[in-house]
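Novice: For reference, the chains in residue letters:
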Amino acid sequence: MKREKGQTKKNFLKGIIQENPLLVSILGTCPALATTKSLEAAIGMGILFTIVLLCSNVLVSLLRKLIPDEIRTPAYIVIIATFVTMVKMFANAFLPELYSTLGVFISLIVVNCIVLGRAEAYASKNTVFDSFIDGLGMGVGYTMALCIMAFFRELIGTGGFTFGQIFTFIPYTALIIPGAENFKISVFQNPAGAFIVFGLILAVMAFYKNRKAEMKAWEIKQAKLKAAEDAKKKLEAQKANVGGQQ
Amino acid sequence: MANTKRYVITAITLGLICAASGALIGVTNAITAKRIDQNEKDNIQRGFAEIYGQNPVVSDPKPIEGKDYTNQVYTVEIEGVEGVQYAFRADGSNMYGKISMLVGFDSLNQFKGMSIIANTQTYASTLNQNYIDKIKTAENKSEKIEDVKCGATYGATLIRDMIHEAQEVAKQINPKE
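Note that the protein sequences, when read in sequence, are chains A and B.
Residue numbering for the first sequence follows the working numbering, starting at 1 and increasing by one per position.
Residue numbering for the second sequence follows the working numbering, starting at 1 and increasing by one per position.
Please keep in mind that the hints were generated in silico from the structure rather than gathered at the bench.
Hints may be right or wrong, so weigh each one.
[As the list claims (entries may be wrong)] Covered stretches of chain B, as calculated for chain A (at least 3 residues, CB under 8 Å):
no.	region
1	53 to 59
2	71 to 85
[Said to hold, decoys possible] Listed next, with one range per pair, are the computed distances between beta-carbon atoms:
no.	chain 1	residue 1	chain 2	residue 2	range
3	B	A20	A	F163	32 to 42 Å
4	B	L16	A	A217	35 to 45 Å
5	A	V204	B	A20	37 to 47 Å
6	B	G15	A	A180	55 to 65 Å
7	B	L108	A	V204	32 to 42 Å
8	B	Q172	A	N182	48 to 58 Å
9	A	F94	B	R6	35 to 45 Å
10	A	C30	B	S93	35 to 45 Å
11	B	K134	A	A192	15 to 25 Å
12	A	G160	B	R35	25 to 35 Å
13	B	G22	A	F94	35 to 45 Å
14	B	A20	A	A217	47 to 57 Å
15	B	A138	A	A192	19 to 29 Å
16	B	K41	A	G160	31 to 41 Å
We put the CB at the ideal spot given by N, CA and C, even for glycine.
One chain only, chain A, in its complex shape (with noise of 0.2 Å):
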């Protein structure tokens, strides 16, 4: 089958701005409330999930054809769950920070809407390498999302960044703002700091999807005055041209 030119672009795209998880499909709400008090947290947040999409989207995308109809949505969770079980493991060994930390939201990654929704949205339908893409581009969408609310989070609610906390392979890290530590808001590591900033997030994506919707609307209401306008103005002329005739 040709592929459209651009086509991978488009598809990998379109998780990170169109069709956000986080942000525009408002999915997945519950691990981005409870893990973004640090910055570090959602950045291993955001990685784990982005690993178990990409090897559930390819493995669903493999196996589509092999899985009957009847059985597509518990094979799904299967599949979704091994990841997930993996990926914990895998953290509890190698992250055990990270692991303690994030602790019953990595095991809740198999109920996650994101993943089992791209399984039997996207992969189930298209080829292992769109599929691929479109987990990556997913899981880059939502990483990057919960890393915005962390960022204004853990800024306004400690007065700064600390890393080396979770990832201890990276040396220990404060960024501190100076002025910003008089100035914090602790409520801001609260789930209540973490409904205001998500909110906050989702008024100014509105604001500016319907922004661009009205300068649109606006944009083909000048076309159709112009469009106006110019058949009047070739009437009149032709008008002209009759009366001169006569």
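With chain A fixed as given, assemble chain B onto it according to the hints.
Specialist: Leaving out everything else, chain B in the frame of chain A:
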């Protein structure tokens, strides 16, 4: 007949997927099990250092049957400190997840400190911040244990009950009255 064939194929497919999943998890377990065990041992060592200070001499754990949570006892000796001290491992769970911890007492069965080995509570960070860390830094730790209203009250209550049970067991093992 056609239906039977379909059922068989469906069952075999699901069976094969489950078998492959089991095999994958088995392989992952073989790779990670040793490392996970080592991590837990390191955690326990860190826990003793946190409760008793640097280099306590800790015995191997002995199984013990507490009422609900306490399941292992360690004897701890510290250079320059008279008497044997006891520490306990306690594992408990509630609807929000599991907690495993070490609870240490001095030779007079007074609560000395605690260290969390594993905490899978959904409110783990709130529990750490608003309860566990406050106990660790408190002057009067025993008093702070009772103050469970912290935003993760169920988890804090579980920890409090685990400490109380361990203290009861300590009194039975090491009667001072």
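Novice: Sort out which numbered hints this structure fails and list those numbers smallest first.
Specialist: Result: hints 1, 2, 4, 7, 10, 13 break, sorted rising.
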